[in-house]
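Protein chains: 2
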Amino acid sequence: MSYWHIDYQSKYQALTFEVTEVLKSIQSPYQKIEVVETPAYGKVLLLDGDLMLTEKDEFAYHEMLVHPTMFTHSHPQKILIIGGGDCGTLTRVLQHKMVEKVVLVELDEMVTQVSQEYFPQLVSSAQDPRVELIFTDGIKYVHNCTDKYDVILVDSTDPIGPAEGLFRLPFFQDCYHILEEDGILCLQSESPWIPELAELISQVNLDLKSLFPLVKAYVAAIQTYQAGLWLFQLASKKYNPLSNDIESKIKEADLKTKYYNSKLHYGAFILPTFVNEILNEPL
Amino acid sequence: MSYWHIDYQSKYQALTFEVTEVLKSIQSPYQKIEVVETPAYGKVLLLDGDLMLTEKDEFAYHEMLVHPTMFTHSHPQKILIIGGGDCGTLTRVLQHKMVEKVVLVELDEMVTQVSQEYFPQLVSSAQDPRVELIFTDGIKYVHNCTDKYDVILVDSTDPIGPAEGLFRLPFFQDCYHILEEDGILCLQSESPWIPELAELISQVNLDLKSLFPLVKAYVAAIQTYQAGLWLFQLASKKYNPLSNDIESKIKEADLKTKYYNSKLHYGAFILPTFVNEILNEPL
Numbered sequence: 000m001s002y003w004h005i006d007y008q009s010k011y012q013a014l015t016f017e018v019t020e021v022l023k024s025i026q027s028p029y030q031k032i033e034v035v036e037t038p039a040y041g042k043v044l045l046l047d048g049d050l051m052l053t054e055k056d057e058f059a060y061h062e063m064l065v066h067p068t069m070f071t072h073s074h075p076q077k078i079l080i081i082g083g084g085d086c087g088t089l090t091r092v093l094q095h096k097m098v099e100k101v102v103l104v105e106l107d108e109m110v111t112q113v114s115q116e117y118f119p120q121l122v123s124s125a126q127d128p129r130v131e132l133i134f135t136d137g138i139k140y141v142h143n144c145t146d147k148y149d150v151i152l153v154d155s156t157d158p159i160g161p162a163e164g165l166f167r168l169p170f171f172q173d174c175y176h177i178l179e180e181d182g183i184l185c186l187q188s189e190s191p192w193i194p195e196l197a198e199l200i201s202q203v204n205l206d207l208k209s210l211f212p213l214v215k216a217y218v219a220a221i222q223t224y225q226a227g228l229w230l231f232q233l234a235s236k237k238y239n240p241l242s243n244d245i246e247s248k249i250k251e252a253d254l255k256t257k258y259y260n261s262k263l264h265y266g267a268f269i270l271p272t273f274v275n276e277i278l279n280e281p282l
Numbered sequence: 000m001s002y003w004h005i006d007y008q009s010k011y012q013a014l015t016f017e018v019t020e021v022l023k024s025i026q027s028p029y030q031k032i033e034v035v036e037t038p039a040y041g042k043v044l045l046l047d048g049d050l051m052l053t054e055k056d057e058f059a060y061h062e063m064l065v066h067p068t069m070f071t072h073s074h075p076q077k078i079l080i081i082g083g084g085d086c087g088t089l090t091r092v093l094q095h096k097m098v099e100k101v102v103l104v105e106l107d108e109m110v111t112q113v114s115q116e117y118f119p120q121l122v123s124s125a126q127d128p129r130v131e132l133i134f135t136d137g138i139k140y141v142h143n144c145t146d147k148y149d150v151i152l153v154d155s156t157d158p159i160g161p162a163e164g165l166f167r168l169p170f171f172q173d174c175y176h177i178l179e180e181d182g183i184l185c186l187q188s189e190s191p192w193i194p195e196l197a198e199l200i201s202q203v204n205l206d207l208k209s210l211f212p213l214v215k216a217y218v219a220a221i222q223t224y225q226a227g228l229w230l231f232q233l234a235s236k237k238y239n240p241l242s243n244d245i246e247s248k249i250k251e252a253d254l255k256t257k258y259y260n261s262k263l264h265y266g267a268f269i270l271p272t273f274v275n276e277i278l279n280e281p282l
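Protein sequences, first through last, are from chains H and A. FYI, numbering that gives the first Met the number 0 numbers position 74 of the first sequence as 73, with every residue one higher than the one before it. FYI, numbering that gives the first Met the number 0 numbers position 169 of the second sequence as 168, with every residue one higher than the one before it.
Worth flagging that the hints you see were computed from the coordinates, not collected in a lab. Computed from a prediction, not measured in an experiment: that's the story for all the values here. A virtual CB, placed ideally from N, CA and C, is assigned to each residue, including glycine. Don't take every hint at face value.
[Unchecked claim] According to the in silico footprint, chain A covers these stretches of chain H (three or more CB under 8 Å from chain A):
| id | segment |
| --- | --- |
| 1 | 11 to 20 |
| 2 | 255 to 261 |
[Unchecked claim] Away from chain H, derived, C-beta distances all over 10 Å, residues of chain A:
| id | residue |
| --- | --- |
| 3 | K10 |
| 4 | S27 |
| 5 | T37 |
| 6 | K96 |
| 7 | T135 |
| 8 | I159 |
| 9 | A162 |
| 10 | K248 |
| 11 | I269 |
Build out the structure end to end from the sequences listed, making use of the hints.
And the structure:
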């Protein structure tokens, strides 16, 4: 028997979609994890009822979280992923041949277990010998970490509950310290279309700028995320994501992508005026 | 008493939002016209239940339908708008000082009457002495027209019912004939995220290319439209929308905008890979 799931974008607006079958529904120590079958998006992963991942369009989010940073860095060998238990981000990181080691720190092991069953095309990447999965709190991991990384990617849930600290200065400071001297931090940072999120986005920009010499935001159109437009914030110690030589590197790598490409690498950083205004950046 | 309105994006997915008050509900000869008050988007215009226009984000759609073409043309003096009875497109066209004459052809006069009452900030532009409103079928108007235009903007509803012909070759042929020899046609052409629309978008691209030497698609993020990503198709007899000199023209004009800007003029034409694939265009 089918029903319509409601995924709230704010108190006043929601995406709703038909669910034809509940494939899994389980309570972890942290959240309710569900996988549902939908005609619009294929299989969908829900955490506490919030849409996290869909089979048909996960590529847009994961490619855009991963590839802009990975191509900006000249030798991304040691990578830290915070969150991302579904392994969609991990899968794209491993497309980059230079990668020698990826540590993925996910709070909720059951997210990965459930994803392994329903999104094996993503979680199979966890079998790669370069990968280490650690199931613990990402904020604590980064705070206590003594290793150094070339790239940190923050693939978090919304900034409420356990993920809230991933959008705050102390976490960014810890990330800064465990990044190599030419390291890059990139985080997903929610939808600029939702007025309630504007202050958070603006504050993240200020906090990152207080630490990193080069901070730039970019966008991607992600149909199933809040209001369809998603922001990412990239903070770099050395490399400029708009450097001219990146286009040829992307073409050479010839990755299989469905969203990202060598021109879009630059195009994504060109923001609508209202997004620049939220960031307090000049046009 | 509030309720949640459901705006279908396809058979299987919808945007839903709280409505706190129905301000107007009236049946025209063509469709049901409603204006509702919403906490998420301010006032919203619905036609047969489909979201057409919201007070808080109409700027994204209207700026992006109008400004890329208007700045691409070197002297956009005579403009034809097909549809657009809410006058949001008209308002942006009149921001361009070179404009001498705008003819707006809307099928349903009651759309304009209702908009005048609830969106006066848009419909006030209809009082401009350069404007002529004609309430008739746009397809017939263009077919029988003996005037010539510099720019035609197609601000249509979805390609079902009366608007279907606005996405078809005979209409494009008629547009071609009434455009000056350096004229430009630009149409809104729906969401590339919706699989059911891919064939239409691809066919429009082929049809326009059979007539015009220069056809280019561009996108905008429009949160309240289907799946949040919107395509526009621009067909030009002479001017290239990616010409270098446009950036300085945009900066000089210094229009008040909330979405469009001089960098985004170029950025909007950089498409995600899956959109290029729908259009059968190389990257």
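Right, here's what the structure says about each hint:
no.	hint	verdict
1	11 to 20	holds (count 7)
2	255 to 261	holds (count 6)
3	K10	7 Å, violated
4	S27	27 Å, holds
5	T37	7 Å, violated
6	K96	20 Å, holds
7	T135	34 Å, holds
8	I159	19 Å, holds
9	A162	22 Å, holds
10	K248	15 Å, holds
11	I269	3 Å, violated
Consistency note: the structure conflicts with the earlier hints numbered 3, 5, 11.
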